[in-house]
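Taken in sequence, the protein lines are chains D and U.
Under the numbering used here, the first residue of the first sequence is numbered 7, with each subsequent residue one higher.
Under the numbering used here, the first residue of the second sequence is numbered 882, with each subsequent residue one higher.
No wet-lab data here; the hints were simulated from the structure.
All C-beta atoms in this analysis are idealised placements derived from N, C-alpha and C, irrespective of residue type, glycine included.
A hint or two may mislead.
To be verified - Now the in silico label distances, taken between C-beta atoms and shown as ranges:
(1) D:T337 to U:E894: 24 to 34 Å
(2) U:P972 to D:N108: 41 to 51 Å
(3) U:A920 to D:R280: 11 to 21 Å
(4) U:Y918 to D:R280: 12 to 22 Å
(5) D:H277 to U:E902: 23 to 33 Å
(6) D:A244 to U:A963: 39 to 49 Å
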Amino acid sequence: MSWETVIGIEVHVELSTESKVFCGCKTRFGARPNTQVCPVCLGMPGVLPVLNRKAVEYCMKAALALNCEVSGRTKFDRKNYFYPDLPKAYQISQYDMPIGKNGWMDVEVDGKAKRIGIRRVHLEEETGKLVHAGDDITSAESSMIDFNRCGIPLIEIVSEADMRSADEARAYLVKLRSILLAIGVSDCKMEEGSMRCEANVSIRPEGSTEFGALTEMKNIASFKAVYKAIEFESKRQAKVLESGGRVRRETRHWDDLKSETVFMRSKEQAHDYRYFPEPDLVPLEIDRAWTDRVKDTIPELPDQRKARYVADYGLGQRESSLISDDMDLSTYFEKGIEAGAEAKALANWMTGELAAALNASGTEISSSKAGPAEMAELLGMVAKNEISGKTAKEVFAEVFAKGGSPRKMVEAMGLGQISGEEELRKAAVAVIDANPGPSADYIAGKENAIMFLVGQLMKATKGRANPKMANQLLKQELDGRKKNL
Amino acid sequence: MGIGRDEVMRIAELARLEFGEEDAAKYAKELDLILGYVAKLEEVGTEGKEALTHAQELVNVMRDDVPVEGLSQEQALMNAPARKGEFFLVPRIMDNSDED
Ligand SMILES: [Zn+2]
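Kindly generate the complete structure, drawing on both the sequences and the hints.
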């Protein structure tokens, strides 16, 4: 039986406001534990939250950039549950009236465009941070808590279950991050936890329109992990069903080291959060004028960037999407052009050689030793025929591994193309003398024999000859000999 | 529709309250009285009316995004039932309950 994977994704993003969402505490990352706290975010009795306007506007901005309806009247609700990272024993969130709803985003996978629905975008508060690592700070009986993070504004972005493959899920996340970075509402650092995602995965027989039981996957700390977790989970579910079992509705934990999902807890009984309207906050009325003002602050988004790459640089649709959908690739591309790289050549390398090298070494493009300036220098030398395409690949591999200037590397390794005609002519004569058979063939009228000789000349010069010039000089030399016969 | 013993126990579990069977029966009766009192509201026609989400008529009370000094670390940890160095100490939770 062939199965179809159905994926929905929830993303939490910390907003980069200066102060927390309901109190004036600072939000700086990396401060000493419990130094950015106050009675409000510590959940002390008798305190009142006051809403941060900027957090609301950042949430609106994200919702608008994701094509959501930004609603007129909204409110906040209490989500009640007990957990030590939540000092009030409830989280202020939004239940039935999110700030944004019914949006969408287009992604492109394998050259095919696909629209993914955004069910909702809502504003809530971040929880404190449990510190588990190492025996000196935790034991079997206790955990330590830092409340600096508690109360940082958080938006939750919930997609519709519209994705059908791990590739689509990754494309969705890459583009979502790109959009959020473009509008400047978050730094989206997965390694610092300011962007976190959970994937809901189920499978169903190909062609079916009903949904299977889904599992929710947590602890996914990178886009690569999202991809692997979804691939693993859909295969695991298929195995369960094919052996006559039943997929249970449960939460599973992604173990990145073992590359597998493990059971965490059952979801068969839905949580009862006893949501009710937050009495400490008055409702929020978002009128048209406010929405328009926020809309005006939205800069160029990936879709517009894509159109610009096609129009201004003549890139193809596909490579243009690949680059513009990813903020890091876009930054690299634009810096490369600033440094003088020819756009099409740069895009070719970025989606070819560079992408392959990044993939193979597991490096992020933002920390590539072959940066945009190095790439511009390398491509400049190719464009001016100072090095051959083959040499460029060798130099690239060196620069990618060790860093440094491509020009200096070419000079140090003596890889520059032989542009001096005399030097190359000498080498051509040597090749002809060393290969009397093919040379005689050419003189006798077998013009194809020249190809062999060009190959020999390229070999003799270790690829440093310009093939066109090599061809020309060999012909001149042989034609000269023919006349003298 | 009255509140039974099971409903009381479920609410107690959600609210992390502990009491015996005798108290459960007592609370069931008391909760019933309260619900009976507000049940009067069901007689009012609310068809097509938007739900009131707040008793105040105010909307859009907000502050600017300006950080202010909070508590010092010592002040923050002063009333903690247990602490370790710069942290609050809490019982370790093995069952990872829902976060965020
Ligand atoms: Zn605070």
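Return the numbers of the hints above that this structure violates; sort them in rising order.
Violated hint: only 1; rest satisfied.
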